[in-house]
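Peer 1: Given next are the chains, with one letter for each unit.
There are 4 protein chains.
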Amino acid sequence: MATVGILTSGGDCPGLNAVIRGAVLKGETVYGQRFVGFLDGWRGLIEGEVMPLDRSSVRGLSHEGGTILGTSRVGPYTDPHGGAENIAKVLDTLQVDAVIAIGGEGTASAAKRLYADGINIVGVPKTIDNDLDATDYTFGFDTAVEIATEAIDRLRTTGNSHKRCMVLEVMGRHAGWIALYSGIAGGAHAILIPEQPESLDQICAWVTSVKDRGRSPMVVVAEGFRLPDMDSAHSTKGLDGFNRPRLGGVAEVLAPLLEERTGIETRATVLGHIQRGGSPTGFDRVLATRLGMAVTDLVAEKGWGHMVALRGTDIVRVGFDEALANHKTVPVDQYQEIRVIFG
Amino acid sequence: MATVGILTSGGDCPGLNAVIRGAVLKGETVYGQRFVGFLDGWRGLIEGEVMPLDRSSVRGLSHEGGTILGTSRVGPYTDPHGGAENIAKVLDTLQVDAVIAIGGEGTASAAKRLYADGINIVGVPKTIDNDLDATDYTFGFDTAVEIATEAIDRLRTTGNSHKRCMVLEVMGRHAGWIALYSGIAGGAHAILIPEQPESLDQICAWVTSVKDRGRSPMVVVAEGFRLPDMDSAHSTKGLDGFNRPRLGGVAEVLAPLLEERTGIETRATVLGHIQRGGSPTGFDRVLATRLGMAVTDLVAEKGWGHMVALRGTDIVRVGFDEALANHKTVPVDQYQEIRVIFG
Amino acid sequence: MATVGILTSGGDCPGLNAVIRGAVLKGETVYGQRFVGFLDGWRGLIEGEVMPLDRSSVRGLSHEGGTILGTSRVGPYTDPHGGAENIAKVLDTLQVDAVIAIGGEGTASAAKRLYADGINIVGVPKTIDNDLDATDYTFGFDTAVEIATEAIDRLRTTGNSHKRCMVLEVMGRHAGWIALYSGIAGGAHAILIPEQPESLDQICAWVTSVKDRGRSPMVVVAEGFRLPDMDSAHSTKGLDGFNRPRLGGVAEVLAPLLEERTGIETRATVLGHIQRGGSPTGFDRVLATRLGMAVTDLVAEKGWGHMVALRGTDIVRVGFDEALANHKTVPVDQYQEIRVIFG
Amino acid sequence: MATVGILTSGGDCPGLNAVIRGAVLKGETVYGQRFVGFLDGWRGLIEGEVMPLDRSSVRGLSHEGGTILGTSRVGPYTDPHGGAENIAKVLDTLQVDAVIAIGGEGTASAAKRLYADGINIVGVPKTIDNDLDATDYTFGFDTAVEIATEAIDRLRTTGNSHKRCMVLEVMGRHAGWIALYSGIAGGAHAILIPEQPESLDQICAWVTSVKDRGRSPMVVVAEGFRLPDMDSAHSTKGLDGFNRPRLGGVAEVLAPLLEERTGIETRATVLGHIQRGGSPTGFDRVLATRLGMAVTDLVAEKGWGHMVALRGTDIVRVGFDEALANHKTVPVDQYQEIRVIFG
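Sequence order for the protein chains is Y, Z, D and W. Start counting the first sequence at 1; every next residue gets the next number (our numbering). Start counting the second sequence at 1; every next residue gets the next number (our numbering). Start counting the third sequence at 1; every next residue gets the next number (our numbering). Start counting the fourth sequence at 1; every next residue gets the next number (our numbering).
Certain hints may be false.
[What the hints assert, rightly or not] Under 10 angstroms between C-beta atoms, here's a sample of chain W residues computed to sit facing chain Y:
1. Ser72
2. Val74
3. Ala84
4. Glu85
5. Asn86
6. Ala88
7. Lys89
8. His162
9. Gln196
10. Leu200
11. Glu260
12. Arg261
13. Gly263
[Unchecked claim] Lysine to aspartate or glutamate pairs mimicking EDC-like chemistry, simulated, CA-CA at most 16 angstroms apart:
14. Lys211/Y x Glu259/Y
15. Lys328/D x Asp117/W
16. Lys112/W x Asp314/W
17. Lys163/Z x Asp212/Z
18. Lys163/Z x Asp314/Z
19. Lys328/Y x Asp314/Z
20. Lys328/W x Asp314/D
21. Lys328/Y x Glu49/Y
22. Lys328/Z x Asp314/Y
23. Lys302/Y x Asp97/Y
24. Lys89/D x Glu47/D
25. Lys328/Z x Asp212/Z
In short, the hints are calculated from the structure, not lab data. Computed from a predicted structure; not experimentally measured. Positions of the beta carbon are idealized from the N, C-alpha and C atoms, including for glycine.
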């Protein structure tokens with residue numbers, strides 16, 4: 001009867017608790033596995049700090065946001081007390097036979113190295129930005145899209161009442177999936193993503209065209225989008241040569257520029273941390289539960305070095321190698337497909 | 001420049017308006033197609049009753065439930081004024097070059113026959129029950145799952161307060177997808193679907209086991225589930241030999257039986273039409289919009305006899321033949337996968 | 001330093017946990033009161049079954065539906081082991097100095113008698129039906145209205161798509177507040193409440209008038225509404241003289257009658273237990289928290305025999321006598337005010 | 001048969017459309033009034049730009065956010081083309097007998113002057129900040145509280161996972177009602193409002209105390225709150241003497257200060273325009289509908305110079321004078337009541 005340690009690492013994501021619950025329920029029932037949770041991601045593993053995890057401790061967790069295990073950005077190799085040797089000792093001391101690491105690219109990368117260094121480790125992919133290539137979707141993404149979509153629905157009505165252009169900034173540092181999906185869902189008139197440059201002229205053309213049809217423009221922008229000329233715009237000197245405060249996010253840079261150029265009153269909203277908190281959508285709970293259940297099969301079959309993933313409607317397994325081969329950004333053709341109806 | 005007629009047929013489904021909007025926006029912009037809408041499904045096509053559909057008429061539709069075209073259960077061959085010959089005449093009179101039929105199995109089946117009879121027709125799959133094999137998911141399904149999941153979340157707290165067993169009946173006459181997904185998402189203790197028989201004894205065992213752990217049992221049942229002995233239970237004579245009123249749905253049959261057998265106070269809720277109404281989830285709006293946009297490609301390429309579908313994250317096209325080859329029910333192994341943690 | 005026992009009695013209601021939390025936080029901090037919770041309402045008090053209640057046990061409770069103390073319909077005088085004498089002994093044994101009873105009319109009535117019999121007891125009014133005269137609103141009511149309103153929003157779109165009349169049954173056995181408020185909020189075309197008789201002819205006239213304007217009628221009916229001729233309709237013999245199954249609620253009786261008489265396809269939905277479960281609205285959380293905090297003032301001042309209540313925006317105190325003097329039903333003039341726009 | 005012109009003025013607010021619908025439905029049905037809508041607030045009145053408003057134009061409006069009439073910040077006396085004389089001419093030309101002005105303090109103030117100048121005008125109070133003394137609540141406020149409460153619920157889970165302090169900035173320039181109510185509802189550990197100064201030391205003490213109990217602090221701050229020492233903090237020089245970018249809102253000033261002082265990682269979220277958009281809550285729709293209906297009574301009775309308002313559960317009428325007498329801020333005692341449980 002194996003003892004399995006679970007950890008959640010990196011940015012918080014709705015569905016983490018559902019993964020934990022799925023793993024514990026199935027692992028206990030089907031395989032007789034026992035579980036402990038490492039606290040605060042890799043930190044708990046490095047320092048050997050654990051909490052017991054049994055059926056009663058995961059009770060009712062599927063609808064809870066966050067992670068009962070806590071999370072941190074500590075890495076197993078970057079931390080001074082980390083390293084495979086130390087971790088092997090901790091596992092030995094705690095009599096933990098295997099590790100389930102739930103995390104993003106950094107976690108998969110560290111897990112791959114730990115596996116190479118002899119640790120019995122498997123993974124569950126997690127990124128709210130949906131930018132892991134090995135899986136069709138990551139849990140948490142759907143919840144973020146839903147929250148952003150509701151925000152667009154709300155902003156649209158107030159934009160219309162005031163005849164304003166509304167700019168909503170959503171998450172997505174390197175991949176624009178949340179902006180793309182929520183923008184489509186909310187009927188945005190322009191969607192700006194890190195992968196695809198658009199000039200200020202082009203954005204203004206879209207905004208003006210919407211206004212000319214008597215509507216209020218809605219622009220959704222991923223936090224990682226940059227105007228070609230944005231480094232200067234983002235600095236303390238504005239396009240007009242006057243000093244201007246350096247602002248928080250790209251929406252707060254974009255909004256005054258759009259207003260200046262188009263003459264349309266424009267307001268920025270930065271959605272922020274709300275996107276990664278709270279109760280997951282049904283879709284994310286199902287995906288997370290299925291991944292959690294499936295990862296116990298991996299453990300039972302000693303499929304170290306692999307993680308579980310979604311392909312179509314199936315849960316499959318992929319090697320850490322394969323999972324890390326590509327960063328999944330929005331493909332040009334998928335962006336172009338929707339871009340034709342902007343404005 | 002083609003004129004294209006759109007119709008929505010069969011049961012209402014969140015996302016229909018988003019399909020219509022996606023088609024009109026892309027068809028107009030990219031292909032210069034013109035659109036009209038047939039009113040109330042096939043009835044409008046048979047009787048030649050149309051409404052104009054242009055950019056302004058689909059404004060802001062992505063978040064609206066229902067269908068602005070109306071729907072009905074009229075069939076193009078079953079209606080006395082139907083038939084391919086008549087329909088061809090109507091299309092000719094209206095100068096409509098092609099038909100986009102948004103509907104379920106019945107619609108696809110009729111469309112296939114119309115195509116064989118020479119009508120330029122393409123399709124968009126629609127079934128809230130998610131039981132079309134050609135596509136990974138149908139729009140509307142995710143919304144129904146979300147609504148059912150929220151209902152489970154609500155019922156759970158009141159079940160716990162009263163120490164009651166709660167039984168929720170959701171849609172699914174022949175396929176248990178909504179029950180399966182919402183049951184997983186809501187952490188149900190038993191999920192009962194049409195595809196998989198379960199005895200009353202088994203269900204009582206799950207319910208009792210939950211109660212024995214000090215929790216309040218939550219049972220999700222698809223409307224199409226039948227107990228092996230349910231025909232008699234469903235009749236006017238109850239198991240105790242006394243007359244009993246014939247009740248509405250399976251939940252209303254199951255609840256008193258569970259209460260009788262387990263001694264646990266049990267309450268039934270039938271979710272009903274709420275599941276197919278209202279604003280679609282972000283997921284469904286994206287899927288519906290993408291399908292609507294893609295079906296205009298089919299029209300532009302004269303891909304008559306095909307429909308668009310979701311495979312993984314891609315929109316693909318499948319022939320009506322293929323789309324109708326199999327009914328997508330919950331596979332035994334996917335049910336068994338989750339069944340192990342019931343109780 | 002007083003020890004205070006809290007109990008929640010009668011039907012579950014969103015906000016109970018927020019009351020408990022408010023009382024414990026303020027009572028501990030301001031008055032140094034200590035708290036225990038009686039389990040399952042009066043049962044826990046009669047049997048002396050308690051759980052500790054301190055700051056950490058009420059952590060994060062404001063947004064949780066249900067009651068962590070459990071509830072039941074046991075009464076302190078109706079139960080064979082009840083009675084003031086026994087209860088006084090239990091309190092003495094447990095060294096509990098005062099009781100906070102959170103409940104509806106029955107609870108207030110019992111509390112009044114216990115107070116007369118010498119028990120140190122104060123109350124917090126609770127009824128999801130909002131029918132207590134002493135307070136402008138009871139917590140839980142706003143949540144129920146919100147849930148019913150969302151259901152109407154959903155049913156409206158599917159009603160429109162199918163050109164159906166939709167009938168929604170909401171809670172309200174003796175008072176039609178939930179129907180009235182959700183019906184107004186949802187823009188219903190007829191609202192039927194227990195307090196106001198309406199003939200089938202009148203309801204059909206409203207429904208037909210809506211249909212004649214090209215819209216889909218939406219009827220909201222409180223569970224306690226009865227047609228003048230409903231006892232017969234509700235029996236096994238229908239108006240047409242044929243046998244007909246006895247159905248669950250008034251909506252299931254009304255819908256076929258409306259369809260029969262008006263010729264408009266009509267569908268019934270019974271919202272049921274969903275209305276009393278799940279996370280409370282912000283309004284209800286604030287009201288419940290304020291009541292919970294205020295009731296500790298009552299305890300500190302030994303204001304036995306009183307309960308806290310909402311008047312305008314103020315929390316006031318009223319004697320159990322006064323609280324029970326009148327049942328708050330929908331006044332005729334308030335119903336007539338909205339009735340003029342039915343149809 | 002009077003013709004009545006309606007206008008909506010000032011900041012957008014959920015429920016405006018429900019007021020318009022309520023007025024038109026009752027005014028037409030009961031009093032035979034005819035309605036037109038002035039576009040974009042006072043601008044439409046000054047320029048005589050109107051849209052027809054009848055039963056069909058207010059169809060289904062109760063659940064729609066925003067205002068179909070549009071709004072602006074134009075004032076009837078501040079605009080060069082304004083003034084009572086000009087407005088009287090416009091009304092005469094359009095044959096409009098009376099004006100219903102839906103707006104906040106500025107609107108009431110202007111309406112009072114127009115009334116003194118002989119215009120037949122009545123009012124409906126509107127302020128999302130709930131700071132009008134004449135009425136217990138204004139519509140839109142409950143929706144804003146609900147949205148802010150949901151945001152707190154989401155931020156709490158992600159705060160817990162990361163062991164961060166979360167700071168949420170909500171609306172409220174001069175009155176802290178939204179912060180107070182959402183903070184209570186969400187179980188915030190500190191609520192900061194414009195009416196009540198709190199020192200950075202005090203806030204840090206609360207935050208630290210929460211952290212010491214092993215929880216993640218949640219701070220809700222109204223946009224109008226200022227630290228005693230905030231002017232300097234808000235400048236380009238931080239407390240540490242180093243240059244620091246001037247940031248958007250108070251949350252963005254407060255968060256780094258809290259992090260610096262307490263050593264707890266802290267994140268700010270500014271909720272912004274989302275709070276005033278989208279579908280109103282049931283409570284707001286009922287309040288708005290009742291106000292809209294009641295204002296037609298005022299018109300019918302020629303109660304010029306009055307507005308309708310909520311007192312307890314009743315809709316009453318108050319003179320513009322009285323309505324403007326006091327600004328309704330959070331009273332010290334109501335703040336102190338909740339402040340005792342901070343930390």
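Peer 1: So, against the hints stated earlier in the document, which numbers end up violated here?
Peer 2: 2, 3, 4, 5, 6, 7, 9, 10, 11, 12, 13, 15, 16, 18, 21 and 25
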